[in-house]
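S.K.: Numbering-wise (our numbering), the sequence shown opens with residue 1 and increments by one.
It is worth saying that the hints were derived from the structure and are not from the lab.
It cannot be assumed that every hint is accurate.
Said to hold, decoys possible - So the derived label-pair ranges between C-beta atoms look like this:
1. G144 x P188: 31 to 37 angstroms
2. P101 x D28: 23 to 29 angstroms
3. D23 x R79: 37 to 43 angstroms
4. K39 x D70: 28 to 34 angstroms
5. K166 x G117: 34 to 40 angstroms
6. D70 x Q124: 20 to 26 angstroms
Every value quoted in this text rests on a predicted model; they were computed, and no experiment measured them.
Where is the CB? At the ideal position from N, CA and C, for every residue including glycine.
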Amino acid sequence: MRMWPTVLLLAWGVLGPGVVHADPVAFDKDGVTGTVDKKDDAMHAHAVVVINRPVETVLAALTDFGHLGDWLPETLEYRGESKGGLNGRFYRKSKAPPLLPDPYATCEATGERQPNGGAVVRWQRVEGSIKQFDARYQLDPVPGGTRVTYTVVTVPPFAIPGFVLKRVAPNAIADTLRGLRRHALAMPAPAPTSPLPVVAPAAAPDGGVSSANSSAGQ
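Model the full structure from these sequences, guided by the hints.
M.R.: Below is the structure:
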């Protein structure tokens, strides 16, 4: 069922602790590649996608705090606001399997630009039924677009069998990055930068070049 991936990845905080052991799982889904692993009680995921848009467009999609719920998978309720610059705060409730309460969390978002022309955006859970959720989006300019490297750590409060982790967690990660890609591709392209106008030298009354412009050119 499509409701399982995001719920199992984010954890809704209703059952006992722990993640049943599973070996690392590699995946490649619709241009999204990555791995999912279990370390202690935490699920760790790492994934990469290239989006055919410049860094500024992808960054605008990630910091469009009023509309993150439009592309994050399995979202039931969403409220978000900008805190200025690349920072924001949002509340999100997502769909749970039958008989379980829908998970929710409030997250703080922070961002910073990088010397290479890229950027980093972080989301961190501050309260809610999810025990831990730390996500990081690294944006790097590459020929033809932006490489997005996504890492996330979550500690689910219930045991996840290894075969379930292998089946659903890769879909959750891929759905998240495909949603970001879809949102970024739908955003308006940045306006092209116009070259500076060339100013012709002013003509002097006798038809020559004015002394001011002549001096400036010496």
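S.K.: Each hint: holds or not?
M.R.: The hints, checked one at a time:
1. G144 x P188: 31 to 37 angstroms: violated, 19 angstroms
2. P101 x D28: 23 to 29 angstroms: violated, 34 angstroms
3. D23 x R79: 37 to 43 angstroms: holds, 38 angstroms
4. K39 x D70: 28 to 34 angstroms: holds, 32 angstroms
5. K166 x G117: 34 to 40 angstroms: holds, 37 angstroms
6. D70 x Q124: 20 to 26 angstroms: The hint (20 to 26 angstroms, Cβ to Cβ) holds, given that D70 and Q124 are roughly 21 angstroms apart.
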